[in-house]
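**Student:** Take the sequence shown: its position 25, counting from 1, is numbered 25 in UniProt numbering, and each next residue is one higher.
Derived from the structure by calculation, the hints contain no laboratory data.
Check before you lean on any hint, since a few could be wrong.
[Claimed, not checked] Cut-off 16 Å, straight-line C-alpha distance, at most; resulting in silico cross-link-like pairs (EDC-like, lysine to aspartate or glutamate):
(1) LYS16 <-> GLU72
(2) LYS7 <-> GLU35
(3) LYS83 <-> GLU116
(4) LYS16 <-> GLU70
(5) LYS106 <-> ASP93
(6) LYS21 <-> GLU72
(7) LYS106 <-> ASP86
(8) LYS16 <-> GLU84
(9) LYS83 <-> GLU45
(10) LYS112 <-> ASP86
(11) LYS112 <-> GLU72
(12) LYS21 <-> GLU70
(13) LYS89 <-> GLU72
(14) LYS7 <-> ASP42
(15) LYS78 <-> GLU110
(16) LYS112 <-> ASP87
(17) LYS83 <-> ASP42
(18) LYS78 <-> GLU116
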Amino acid sequence: VGGHMPKIFHVNWFRKGANGKFLWPGFGENTRVLEWILHRIDDHECYRETPIGRVPNSLNLTGLSGTINEKELFSIPKQFWLKEVDDIKQYYDNQLAQDLPAEIAKELHELKGRVEQM
């Protein structure tokens, strides 16, 4: 109380597209994602609300070698996220069981509900 909650970000650097190739080139290009994160920390509204949280409207792709499919990169595949939620729940059940804080269990349940409605 009285303090500020930290902003938390999650990145899947290893997500693959429909063609089986990585959607993001990685390595030094990751600074582009970190740039977006820094803008968010400064409260720039450069995102869109989704069932899984806030995702970038776009990234700075200036000078990037290769082609990035931004539509696929920023997509929220329902089946992927349903499995992700189930995997997270299984992990929590196996690792924490009754020690899982109720707030986290509630958030996971609400996330599943949002994803199911997609």
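**Student:** Would you mind marking each hint as holding or not holding in the structure?
**Tutor:** Going through the hints against the structure:
no., hint, in the structure
1, LYS16 <-> GLU72, "holds (10 Å)"
2, LYS7 <-> GLU35, "holds (15 Å)"
3, LYS83 <-> GLU116, "holds (11 Å)"
4, LYS16 <-> GLU70, "holds (13 Å)"
5, LYS106 <-> ASP93, "holds (14 Å)"
6, LYS21 <-> GLU72, "holds (12 Å)"
7, LYS106 <-> ASP86, "holds (14 Å)"
8, LYS16 <-> GLU84, "holds (15 Å)"
9, LYS83 <-> GLU45, "violated (29 Å)"
10, LYS112 <-> ASP86, "holds (8 Å)"
11, LYS112 <-> GLU72, "violated (21 Å)"
12, LYS21 <-> GLU70, "holds (14 Å)"
13, LYS89 <-> GLU72, "violated (26 Å)"
14, LYS7 <-> ASP42, "holds (11 Å)"
15, LYS78 <-> GLU110, "holds (15 Å)"
16, LYS112 <-> ASP87, "holds (11 Å)"
17, LYS83 <-> ASP42, "violated (33 Å)"
18, LYS78 <-> GLU116, "holds (7 Å)"
Checked against the numbered hints given earlier, this structure breaks hints 9, 11, 13, 17; the rest are met.
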